[in-house]
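Enquirer: Can you build the whole structure from these sequences, using the hints too?
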Amino acid sequence: MKVTITHIDTACVLLNINGFKIITDPTLDKKDGFFPQYVSRPMAFSKKYIDPALSVEEIGKVDLVLLSHDHHSDNLDKNGRAFIKTVPIVLSTKDAVKRLKNNNTIGLDNWEEYAIETAKVKGLKITAIPAQHTNIKRLDKVMGKVIGFAIEWEGQTKGCIYISGDTVLFEGLYELKERKKVDIAILHLGAGAFPYLKKNLRVTMNGDEALETTRLLDPGIVIPIHYEGWWHFKQSAKSLKAEIEKSGLKEKFLWLKSGVEAELEI
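Numbering (the working numbering), first residue to last: 2 to 267.
Mixed in with the good hints, there may be bad ones.
In silico EDC-like cross-links for lysine to aspartate or glutamate, where the CA-CA straight-line distance does not exceed 16 Å [to be verified]:
#: 1; residue 1: Lys-126; residue 2: Asp-64
#: 2; residue 1: Lys-32; residue 2: Asp-64
#: 3; residue 1: Lys-22; residue 2: Asp-52
#: 4; residue 1: Lys-86; residue 2: Asp-52
#: 5; residue 1: Lys-79; residue 2: Asp-30
#: 6; residue 1: Lys-79; residue 2: Glu-113
Hints are computed from structural coordinates only; laboratory data are not their basis.
Expert: Put into structure tokens, the structure is as follows:
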């Protein structure tokens, strides 16, 4: 089974599993001009500094979108919203279904499974994995519902592909450890934060939590994404990479070059 991954932008990657193409969190707008983007509810602003590595034409036809959440524009932007309307199936939260009002969007609860019939990948199944989009638990509902995903199919021997979505390390990932063996972990990092909203608020993992998650899940490969290109990412790529480099886990980390397809050993 040939599996490749291509980083496109922020948390947007293209997975090609034996010809079945999956895209995650489509952010396809170009970098901002003078005015920053409106990113989220509650009121939060950020500025995008990097263009997508691939155009919609270069991405081509996609079979499935895995959308961790729809209400932050660093996970779904204007061009991303247009793009997902062209894809047969979009899996996301039930809140996203209500907001997007697209007939192709299906909402999943935590741990709910969705089977996909395709001759390309036998027994393909997606499971919604819990995510917590803040390190301050009482603010979880305010920040909005987010999910991660596990991708599984017949013949996997080393475990599933796990996509974290925008989350911090919390009890849901300990439950994931009990429920599934993770072979490849794709982690949303960057230590996203809006300190003017709430001091010490963080909405994604930092390097320390990435390492703790790696120790917890013990995947064969860890792929960092969602760690550069926006003002609200408070841990720089240089700092993140330095932290990983000095850990005893650096050999597990695969750093993607945007726009360049990498083959995964499954």
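Enquirer: Now tell me if each hint is right for this structure.
Expert: Hint by hint, here is what the structure shows:
| no. | hint | in the structure |
| --- | --- | --- |
| 1 | Lys-126 / Asp-64 | holds (14 Å) |
| 2 | Lys-32 / Asp-64 | violated (26 Å) |
| 3 | Lys-22 / Asp-52 | violated (22 Å) |
| 4 | Lys-86 / Asp-52 | violated (21 Å) |
| 5 | Lys-79 / Asp-30 | holds (7 Å) |
| 6 | Lys-79 / Glu-113 | violated (28 Å) |
Violated hints, listed in ascending order, are 2, 3, 4 and 6; each of the other numbered hints is respected by the structure.
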